[in-house]
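Asker: Assemble the whole structure, with the sequences as input and the hints as a guide.
Each protein sequence line maps, in turn, to chains A and B.
Under this note's numbering, the residue at position 7 of the first sequence is numbered 7, and the numbers go up by one with no gaps.
Under this note's numbering, the residue at position 44 of the second sequence is numbered 44, and the numbers go up by one with no gaps.
No wet-lab data here; the hints were simulated from the structure.
None of the hints are false.
For chains that are exact copies, the list does not tell them apart, and a pair is met inside one copy or across any two.
For lysine-lysine, the following PhoX-like pairs were computed, each having C-alpha atoms within a straight-line distance of at most 25 Å:
1. K82 to K33
2. K90 to K33
3. K32 to K89
4. K89 to K33
5. K90 to K32
6. K33 to K83
7. K82 to K32
Just so we're clear, the structure is a prediction, and the values are computed from it rather than from any experiment.
Okay, here's what each chain looks like letter by letter:
Protein chains: 2
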Amino acid sequence: MGDLSLELFGLIAGAITSLGFIPQLFRGFRTKKLDDISYFMPMVLAVGMTLWFIYGYMSNAIAIMAANAFSICCCFILILMKKKYSLLKK
Amino acid sequence: MGDLSLELFGLIAGAITSLGFIPQLFRGFRTKKLDDISYFMPMVLAVGMTLWFIYGYMSNAIAIMAANAFSICCCFILILMKKKYSLLKK
Chain A
1 MGDLSLELFG LIAGAITSLG FIPQLFRGFR TKKLDDISYF MPMVLAVGMT
51 LWFIYGYMSN AIAIMAANAF SICCCFILIL MKKKYSLLKK
Chain B
1 MGDLSLELFG LIAGAITSLG FIPQLFRGFR TKKLDDISYF MPMVLAVGMT
51 LWFIYGYMSN AIAIMAANAF SICCCFILIL MKKKYSLLKK
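Answerer: See below:
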């Protein structure tokens with residue numbers, strides 16, 4: 001498989017992985033409840049994905065960089081939503 | 001940076017990303033509640049990470065393969081736990 005096809009495959013993989021957070025964000029937005037989500041999950045994932053981003057940068061893999069950048073944003077939105085909804089209940 | 005260092009860096013990134021699911025699994029196990037988790041999140045992530053696994057296989061990146069294999073397992077455990085706890089409540 002050529003480099004371009006591999007990169008394209010990575011982009012699809014990255015797009016799907018990034019989409020994984022979207023239903024969770026929607027569910028949280030709909031129910032205004034994210035109590036069962038551990039803060040550590042999006043936090044640790046964001047740290048790991050930042051390292052993946054650097055890995056992608058070092059190995060010139062745009063797919064890995066793009067996917068992780070998007071997912072890192074989703075993680076931060078999840079953390080902010082959880083914080084907001086827990087504050088609203090007080 | 002050499003290929004070995006890059007692979008090692010990827011392994012660390014992969015290890016941390018994989019660890020992200022552990023606190024969520026522990027929290028679920030402790031509270032016996034995963035209601036706020038969307039089923040679609042671990043499901044879509046598992047599909048995406050299976051593609052990443054194949055990407056890792058095609059680009060000979062053991063780090064990407066190992067990290068995604070572990071995370072896929074975590075996703076399935078999360079789905080099974082959520083199902084089990086929701087059935088227990090009925």
